[in-house]
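Participant: Each chain, written out:
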Amino acid sequence: MSKTIVELKNVYKKYDDGFTALKNISFKLQEGEFYTLLGPSGCGKTTILQSIAGFTEVTSGQVLFDGKKINDIPANKRQLNTVFQDYALFPNMNVFDNVAFGLVVHNAKKDEIQTRVHDALKMVQLEQYANREISELSGGQQQRIAIARAIVNRPKVLLLDEPLSALDAKLRKDMQYELRELQQNLGITFLFVTHDQEEALAMSDEIFVMNKGEILQKGSPVDIYDEPINHFVADFIGESNIVQGKMVADYQVAFLGHQFECSDAGMRPNEPVEVVIRPEDLVITTPEKGKLQVKVDTQLFRGDYYEILAYDKAGNEWLIHSTNASTDDAIVGLTFGPDDMHIMRYNETEAKFNHRLESYED
Amino acid sequence: MEDKASRTGKIYITIVFLLLYIPIVYLILYSFSKGTTMTNFQGFSLKHYGELFADKRMLAIFLNTILIALLSSVCSTIIGTMGALAVHNAKRRHERETLLSLNSILLVSPDVIIGASFLIFFTALKLPLGFWSVLLSHIAFEIPIVLLLVLPRLDEMSPSMTNAAMDLGASPSQILSKIVLPYIQPGIIAGFFMAITYSLDDFAVTFFVTGNGFTTLSVEIYSRARQGISLEINALAGIMFIFSLILVGVYYLIETHNTGNGAKKSIVEVTDR
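Chains as they are written, first to last, in UniProt numbering: chain A, 1 to 362; chain B, 1 to 273.
Chain A on its own, in the form it takes in the complex:
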């Protein structure tokens, strides 16, 4: 049903000094979905956003909007809008004029400006702030005004460049709900850029995980969290315990001298692999009942859970999330089910990875 609104085909971005910011980026954005570009700083995610918005030219490849190539169309003629990291509100105008700017430059009629600015402010719940000056607003309010200003032109796609990074933790959480709700109410495509995996997991329909100018993995938050393609993704998204192991046969993996039943398959016999177990999937039990025995090193109380750091005999670090505290220096057992383990091959491409998963999952 849904239609492709933005598409990137084999996009490269190289700078004069030889630095390659984007390497062969291709993806499609469907109408009405919430996408996130997630990666560490300098991975090229903002460059992708800027090339879609029109602030930077790509070196090669195509940027398509609604099926048409827009590489050479200037930013002010592109029908998408951006929310900037520093909000970029105009300090010489009040709230109303900031939001109205996009309409004024398009010579909209006064009564139309009036209603549409009012609607946009209502969307971000700041309709009573129309006559305030920008300097009178808090960071969170400025953030909302920046969003209102960007949606007043009714773009089909809204680009958001780390818009929540300047807010405090509590406000950031609230804004995650609001952004998601706003996206669903507007029914338009959001492309959200962030380095915060929690934000990405909470809000997105689909996440693109990036590193060093490449997209490593695309998928729903659950897919990416449960089935990361490689060490980088597993480590970047959430907390994880990663150990080296060996795939003995389909559904049989060996690590730390034991063999375990797992739920992954489709690899060569005895292929070296990495095994990921999330801290919340590890259950503490008595040493006899445990599949692994570890010694508790330190515990941190995180409010809703204890974060327990333990070491096994081989010196591997194990991070465990538990609702109950353990005892320092105690030897405890750890159990986990076959589904709690995720096996990653070395250097597997995304296409092969997806193909392999499909081959045995159905």
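Accuracy of the hints is not assured; some may be wrong.
Unchecked claim - Keeping only pairs whose Cα atoms sit at most 35 Å apart, straight-line, the calculated DSBU-like set for lysine-lysine is: (1) A:K23 x B:K91; (2) A:K291 x A:K68; (3) A:K110 x B:K178; (4) A:K14 x B:K91; (5) B:K4 x A:K156; (6) B:K91 x A:K77.
What the hints assert, rightly or not - Some chain B residues flagged as far from chain A (calculated, every beta-carbon gap over 10 Å): (7) L20; (8) A170; (9) Y183; (10) M194.
Note that these hints are calculated values from the structure, not bench results. Glycine included, each C-beta is placed from N, C-alpha and C at the ideal position.
Assemble chain B onto chain A, guided by the hints.
Facilitator: For chain B alone, coordinates are given in the frame of chain A:
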């Protein structure tokens, strides 16, 4: 300790200002003297002011000076602001550095050299010396000052602000008139007033490029002072001082008006405000 330090600071600053203002006050004080020399104060009188206002030549020169100051400041503010925009938009680093250095050289080189070079230039072009040569050279030496005062405001502006305006559909000219110029306006105003001050102040450059029949106050005062000073000059100094005070006052008013909310005019005149 701190109290003592701040008190010595206050005393020091008071002494500095006294030293700076005493000669001016002394000069103005004698403009009200009955006598004709500055040796003794001989009772209050306004006769020097009377003489000054009767002196048609002096009044014409006064008006010329103001006219040159205003005209040259307007022109140099426009050109200097455009220059600042060009330097700001310079893509490469060394391009910007070169432009800025060229600008600073003009600012720091001695007025005498600039004046002499203008004289050679105008003579070579066979341009008659007079009003136009003075106006042109004033514009020329005011541009670097305006540029230097406008540029920091431009550099301070976040690049995402122009991107945001473009993103919302504004054309380059709309970005300039609605976003950039309002943002750098304080720098432009400061540049304009600095330019006026430099123009009123200038003696050396003007001295070289004025011909017969046209002169400005500084040159006129200089030539009269050489023939023995008359207290009419003191009266003139008094008037000039008040004029400067007015300039400072106007600048202050504009500044406070801008930072207050009242100055922000809506870009759309919508009724419900």
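Participant: Against which earlier hints does the structure fall short, listed by number upward?
Facilitator: 2, 5, 8, 9
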